[in-house]
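Engineer: Read off the chains here:
Number of protein chains: 2
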Amino acid sequence: MKRIAILGSTGSIGCSTLKVVEGYPERFAVVALAAGSNLELAFKQTLRWRPKLLSVAHEDAAAALGKRLREAGAGETEVVWGTAGTVAVATHSQVDFVVSAIVGVAGLEATYEAVRAGKQIGLANKECLVAAGELITAEARRQGKPLLPIDSEHNAVHQCLRGGRMDEVKQVWLTASGGPFLQTPREEFASITIAQALNHPTWKMGRRITIDSATLMNKGFEVIEAVRLFNIPPSRIRVVVHPQSTVHSMVEFVDGSILAQVSVTDMRLPILYALAWPERIASDLRFDVLSLKHLDFCAPDLEKFPCLRLAYEAAEAGGAKTVALNAADEVAVVAFLEGKIAFLGIPATIQAVLNETSARKPESISDVLGMDSEARELARRFIDGHSSDSRVAATK
Amino acid sequence: MKRIAILGSTGSIGCSTLKVVEGYPERFAVVALAAGSNLELAFKQTLRWRPKLLSVAHEDAAAALGKRLREAGAGETEVVWGTAGTVAVATHSQVDFVVSAIVGVAGLEATYEAVRAGKQIGLANKECLVAAGELITAEARRQGKPLLPIDSEHNAVHQCLRGGRMDEVKQVWLTASGGPFLQTPREEFASITIAQALNHPTWKMGRRITIDSATLMNKGFEVIEAVRLFNIPPSRIRVVVHPQSTVHSMVEFVDGSILAQVSVTDMRLPILYALAWPERIASDLRFDVLSLKHLDFCAPDLEKFPCLRLAYEAAEAGGAKTVALNAADEVAVVAFLEGKIAFLGIPATIQAVLNETSARKPESISDVLGMDSEARELARRFIDGHSSDSRVAATK
Numbered sequence: 005m006k007r008i009a010i011l012g013s014t015g016s017i018g019c020s021t022l023k024v025v026e027g028y029p030e031r032f033a034v035v036a037l038a039a040g041s042n043l044e045l046a047f048k049q050t051l052r053w054r055p056k057l058l059s060v061a062h063e064d065a066a067a068a069l070g071k072r073l074r075e076a077g078a079g080e081t082e083v084v085w086g087t088a089g090t091v092a093v094a095t096h097s098q099v100d101f102v103v104s105a106i107v108g109v110a111g112l113e114a115t116y117e118a119v120r121a122g123k124q125i126g127l128a129n130k131e132c133l134v135a136a137g138e139l140i141t142a143e144a145r146r147q148g149k150p151l152l153p154i155d156s157e158h159n160a161v162h163q164c165l166r167g168g169r170m171d172e173v174k175q176v177w178l179t180a181s182g183g184p185f186l187q188t189p190r191e192e193f194a195s196i197t198i199a200q201a202l203n204h205p206t207w208k209m210g211r212r213i214t215i216d217s218a219t220l221m222n223k224g225f226e227v228i229e230a231v232r233l234f235n236i237p238p239s240r241i242r243v244v245v246h247p248q249s250t251v252h253s254m255v256e257f258v259d260g261s262i263l264a265q266v267s268v269t270d271m272r273l274p275i276l277y278a279l280a281w282p283e284r285i286a287s288d289l290r291f292d293v294l295s296l297k298h299l300d301f302c303a304p305d306l307e308k309f310p311c312l313r314l315a316y317e318a319a320e321a322g323g324a325k326t327v328a329l330n331a332a333d334e335v336a337v338v339a340f341l342e343g344k345i346a347f348l349g350i351p352a353t354i355q356a357v358l359n360e361t362s363a364r365k366p367e368s369i370s371d372v373l374g375m376d377s378e379a380r381e382l383a384r385r386f387i388d389g390h391s392s393d394s395r396v397a398a399t400k
Numbered sequence: 005m006k007r008i009a010i011l012g013s014t015g016s017i018g019c020s021t022l023k024v025v026e027g028y029p030e031r032f033a034v035v036a037l038a039a040g041s042n043l044e045l046a047f048k049q050t051l052r053w054r055p056k057l058l059s060v061a062h063e064d065a066a067a068a069l070g071k072r073l074r075e076a077g078a079g080e081t082e083v084v085w086g087t088a089g090t091v092a093v094a095t096h097s098q099v100d101f102v103v104s105a106i107v108g109v110a111g112l113e114a115t116y117e118a119v120r121a122g123k124q125i126g127l128a129n130k131e132c133l134v135a136a137g138e139l140i141t142a143e144a145r146r147q148g149k150p151l152l153p154i155d156s157e158h159n160a161v162h163q164c165l166r167g168g169r170m171d172e173v174k175q176v177w178l179t180a181s182g183g184p185f186l187q188t189p190r191e192e193f194a195s196i197t198i199a200q201a202l203n204h205p206t207w208k209m210g211r212r213i214t215i216d217s218a219t220l221m222n223k224g225f226e227v228i229e230a231v232r233l234f235n236i237p238p239s240r241i242r243v244v245v246h247p248q249s250t251v252h253s254m255v256e257f258v259d260g261s262i263l264a265q266v267s268v269t270d271m272r273l274p275i276l277y278a279l280a281w282p283e284r285i286a287s288d289l290r291f292d293v294l295s296l297k298h299l300d301f302c303a304p305d306l307e308k309f310p311c312l313r314l315a316y317e318a319a320e321a322g323g324a325k326t327v328a329l330n331a332a333d334e335v336a337v338v339a340f341l342e343g344k345i346a347f348l349g350i351p352a353t354i355q356a357v358l359n360e361t362s363a364r365k366p367e368s369i370s371d372v373l374g375m376d377s378e379a380r381e382l383a384r385r386f387i388d389g390h391s392s393d394s395r396v397a398a399t400k
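From first to last, the protein sequence lines stand for chains A and B.
Just so we're aligned, residue 5 is where the first sequence starts under my numbering, counting upward by one.
Just so we're aligned, residue 5 is where the second sequence starts under my numbering, counting upward by one.
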């Protein structure tokens, strides 16, 4: 029986994790949940799963929810709050496995503490590797506990890596759907609208990750995640565009063999893989090979998608550069979605922030958070300072 | 240092094996070679590799070749002959690894003796699994030594199986190029000519295997090989048509993940994989993922390709049925190539022979050889008896 904590239980990955756990009551138990501000769902999840511990964002909400749970006969669940509450969920003594699925830097400290407490980690939080990857992977190696990736690409790589030893790996191929602008001519990129950018061809996701998919920055983040998860230099993490998103990634070995992972595009599969690892558990998440039909592959165009190039540069430098890459991108995407900057203003903002950022290695999570704030401030200043620059600002 | 014997050194796989060995003089040494009737090449190979032992087909050729080798200063190579000679090569005390690449039932006894002698086996001989698979795999399990497949499909499966335990395998997907008649309408199959059938779209191979690829019987044999190599029932060995022959095969696990192997279509790769196993050794056999472009997949048409259906039926029954499948096919293919029967006469002959064959399990290699002779005789009689039957005989 694996005893599970979920950081971000009310989010998309959190809900999918609970769906997976539901199917295997003899294998998995939910011990602790960290929700955010969706108190209604947190209440329902607590009634259903009866965790020992629930954490929510704020103190007053925790008090109110605790009262409501007692009235509903679920008073055995202790309700805590804030960062300390999330850390308590992540490090609960009865927890074996922590699913890290809080979006953004908010998940960093709790995930790091879970690693330090020797938990097995299922990692769905990008920032844990992009911003704090050097710290977290070093600690995981010290603990001798694997970080199991819960996203389709790195999960696929994890599976393909079973085909050989790490020193037998030539390179890793991350597949990219190519986003909505794969076929868009370069000269039309300046006039891409918010609606166009939000219209992703294969995956339905949140707004930021949808824009990051349209700029290919999402793939850039994945390059950095792969560098850190698998301890492979950026030059040996390659990207291939594969519009069908059926091959989730590949590993090329030194002898010339390539292993590729294929499955349905359903997050429950990488979640189940991580929860079950090192075993595989039967599921109904079937992919019919006879339905494969056509698969297409091509090289990404780094001229059309400068964010991918910027990510490689940040990956090579490491340290604060990758913290800044993520922070600047988040600020720029929000500004784009608010109509403040154009689509091409996103890479312009990130480039400007990277130019002003060192490659110093962070020494702690609070150091990461400091670097993150600094980069956000640089990004905001750049956007405000270029509100009349036609290459950055949105056309009205 | 792995010390290697090659059964069938002058054939296509034998020559490719020597090319692979040539690239890694610090890892592999050639200890013994079994050639056939190509004495000129056997002579050259002996001068180049200086094996301890060389076997050729006939006694007089062995004597003449021994004399020639002594005159050429290669007298340290002992020259032996016939089946006993091949067995001596396969069981030589200094040999660790035997590449079994003699075509046809001629390779059975030597391969079986190599397994009994506890050698690691690289298996490129189809009959070892199709005809004598029950005996040979049982002995290999008793010895605790793996049979490493040297053909692109089973080698790919072997690689993909590393992604989980055997009891986590849902099914195996063998890819098939589909042969030259993938797009040919059913009604044109009756008039397929020898030249059309010899024109294989992706692989350049011998005449029998090219015809077996055109009828999909080759894929049927591979189903039986997979059943026996991996100890999986026929119903869980599936075939998917994939004209590009880039994905060499796939393994589907119970959780819904599928691992696929991709590489160049060059036999040196599975040979290197088998020789190096459980390691992987760097090679220049690169496949450029960015050149993948389009991959197509579809279901095989068992109506158009009855040989594949017959192979599944033989696989389910086992024993003499699979011996007869191979023997009858070989006789039928020769008859087709001699213009005695039509393309559709091949499955008609095999069906007729299978109808008259029991599923009795062979108890020894000589038992297999007896079953083989019997099936060949049945096939010849069927062909002779239907020389005026328009559904079997070739149109003049």
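For the record, the hints were derived by calculation from the structure and aren't laboratory data.
Everything numeric in this text was worked out from a predicted model, so none of it was measured.
Be careful, since some hints might not be right.
Each pair may be met inside one copy or between any two copies, as identical chains are not told apart.
Taking lysine-lysine and the DSBU-like style, the derived pairs with C-alpha atoms no more than 30 Å apart in a straight line are [stated by the list, open to error]:
{"#": "1", "residue 1": "K308", "residue 2": "K48"}
{"#": "2", "residue 1": "K365", "residue 2": "K48"}
{"#": "3", "residue 1": "K149", "residue 2": "K365"}
{"#": "4", "residue 1": "K23", "residue 2": "K6"}
{"#": "5", "residue 1": "K174", "residue 2": "K344"}
{"#": "6", "residue 1": "K174", "residue 2": "K6"}
{"#": "7", "residue 1": "K297", "residue 2": "K344"}
{"#": "8", "residue 1": "K365", "residue 2": "K71"}
{"#": "9", "residue 1": "K174", "residue 2": "K149"}
{"#": "10", "residue 1": "K174", "residue 2": "K297"}
{"#": "11", "residue 1": "K308", "residue 2": "K56"}
{"#": "12", "residue 1": "K297", "residue 2": "K308"}
{"#": "13", "residue 1": "K149", "residue 2": "K71"}
{"#": "14", "residue 1": "K365", "residue 2": "K297"}
{"#": "15", "residue 1": "K174", "residue 2": "K23"}
{"#": "16", "residue 1": "K174", "residue 2": "K308"}
Engineer: With reference to the structure, classify each hint as holding or not holding.
Structural biologist: Structure-based check of all given hints:
1. Proximity of K308 and K48 under a CA criterion of 30 Å is satisfied in neither setting, with 45 Å inside one chain copy and 57 Å between copies.
2. For a Cα distance limit of 30 Å, the shortest separation of K365 from K48 qualifies neither inside one copy, at 42 Å, nor across copies, at 61 Å.
3. Taking the shortest alpha-carbon separations for K149 and K365, only the intra-copy value of 23 Å comes in at or below 30 Å, while the best inter-copy value is 49 Å.
4. Taking identical chains as interchangeable, the C-alpha atoms of K23 and K6 lie at most 30 Å apart only when both belong to the same chain, with a minimum of 15 Å there against 51 Å between chains.
5. In this assembly of identical chains, the alpha carbons of K174 and K344 never lie at most 30 Å apart, being 43 Å within a copy and 52 Å across copies at closest.
6. Only between protomers do K174 and K6 lie at most 30 Å apart by alpha-carbon distance; the minimum there is 24 Å, versus 34 Å within a single protomer.
7. Taking the shortest alpha-carbon separations for K297 and K344, neither the intra-copy value of 42 Å nor the inter-copy value of 38 Å comes in at or below 30 Å.
8. Neither within a single protomer nor between protomers do K365 and K71 lie at most 30 Å apart by alpha-carbon distance, with minima of 44 Å and 73 Å respectively.
9. Within a single copy, K174 and K149 get their C-alpha atoms as close as 24 Å, and across copies as close as 29 Å, so both meet the 30 Å cut-off.
10. Taking identical chains as interchangeable, the C-alpha atoms of K174 and K297 lie at most 30 Å apart whether they share a chain (29 Å) or sit on different chains (21 Å).
11. In this assembly of identical chains, K308 and K56 lie within 30 Å of each other by CA distance neither inside one copy nor across copies; the values are 50 Å within and 62 Å between.
12. Taking the closest pair of Cα atoms, K297 and K308 come within 30 Å of each other both inside a single copy (29 Å) and across two copies (20 Å).
13. With identical chains, the CA atoms of K149 and K71 are never at most 30 Å apart, being 38 Å at best within one copy and 65 Å at best between copies.
14. For the identical chains of this complex, K365 and K297 are neighbours neither inside a copy (46 Å) nor across copies (40 Å), given an alpha-carbon limit of 30 Å.
15. Proximity of K174 to K23 under the C-alpha cut-off of 30 Å is restricted to the inter-copy arrangement: shortest distance 22 Å between copies versus 37 Å within a copy.
16. For a Cα distance limit of 30 Å, the shortest separation of K174 from K308 inside one copy, 27 Å, qualifies, whereas the shortest one across copies, 42 Å, does not.
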